[in-house]
Amino acid sequence: NAGVTQTPKFQVLKTGQSMTLQCAQDMNHEYMSWYRQDPGMGLRLIHYSVGAGITDQGEVPNGYNVSRSTTEDFPLRLLSAAPSQTSVYFCASSSPGLAGYEQFFGPGTRLTVL
Amino acid sequence: GQQLNQSPQSMFIQEGEDVSMNCTSSSIFNTWLWYKQDPGEGPVLLIALYKAGELTSNGRLTAQFGITRKDSFLNISASIPSDVGIYFCAGQRDAGGTSYGKLTFGQGTILTVHP
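In order, the protein sequence lines correspond to chains A and B.
Here this note's numbering is used: the first residue of the first sequence is 1, the next is one more, and so on.
Here this note's numbering is used: the first residue of the second sequence is 1001, the next is one more, and so on.
Heads up, simulated DSSO-like pairs for lysine-lysine below, C-alpha to C-alpha not over 27 Å straight-line:
id, chain 1, residue 1, chain 2, residue 2
1, B, Lys-1102, A, Lys-9
2, B, Lys-1036, B, Lys-1102
3, B, Lys-1036, B, Lys-1051
4, B, Lys-1036, A, Lys-9
Simulated from the structure, these hints should not be mistaken for laboratory data.
Given only the sequences and the hints, what does the whole structure look like? Please build it.
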């Protein structure tokens, strides 16, 4: 199993550009989430999904869109990148069958918006 | 906004020393989790706590779920250089339904261990 994979690992965008951060998991987990990590802020939830076709907003959803057409994939779209979206983005997956609500995190995408 | 206060923000210790960090909240959580993040990697779960008052160990790590459900602490005994990283607490409020994806994280404690 590859676990949770994220692409790209690094990305530099100009203000106003759009892009999609990819996330995939091969553990057949129902739940997937996107977080951003900023210095001194911990991880903050952007969007999450409890199954294909079902998504909901987290703590900091503005400027981001998600969709969940398959169990495996959960892409995060930046509609018009802003410098405030410079951050490290983590995708995570989980399952109600797992003890401790354990979320498995991907390696992250480091995004810089100029 | 951020609801968990984690302290200390950073620690510099000598190898072999014990470490203690804690997390407090103004709200009740039903599950407390402790994660470790190595440089350039995503967080990895260390310990999960499900019941108020619960004390759980994982090797040299011990964590407790506060009686009030508003706090938790993590102890690391006899630290070693590979303990270096960022430690996060996380709380989950509800069990069941659509809450499984929603964790609230603390700001993190950066641990540096000098050999």
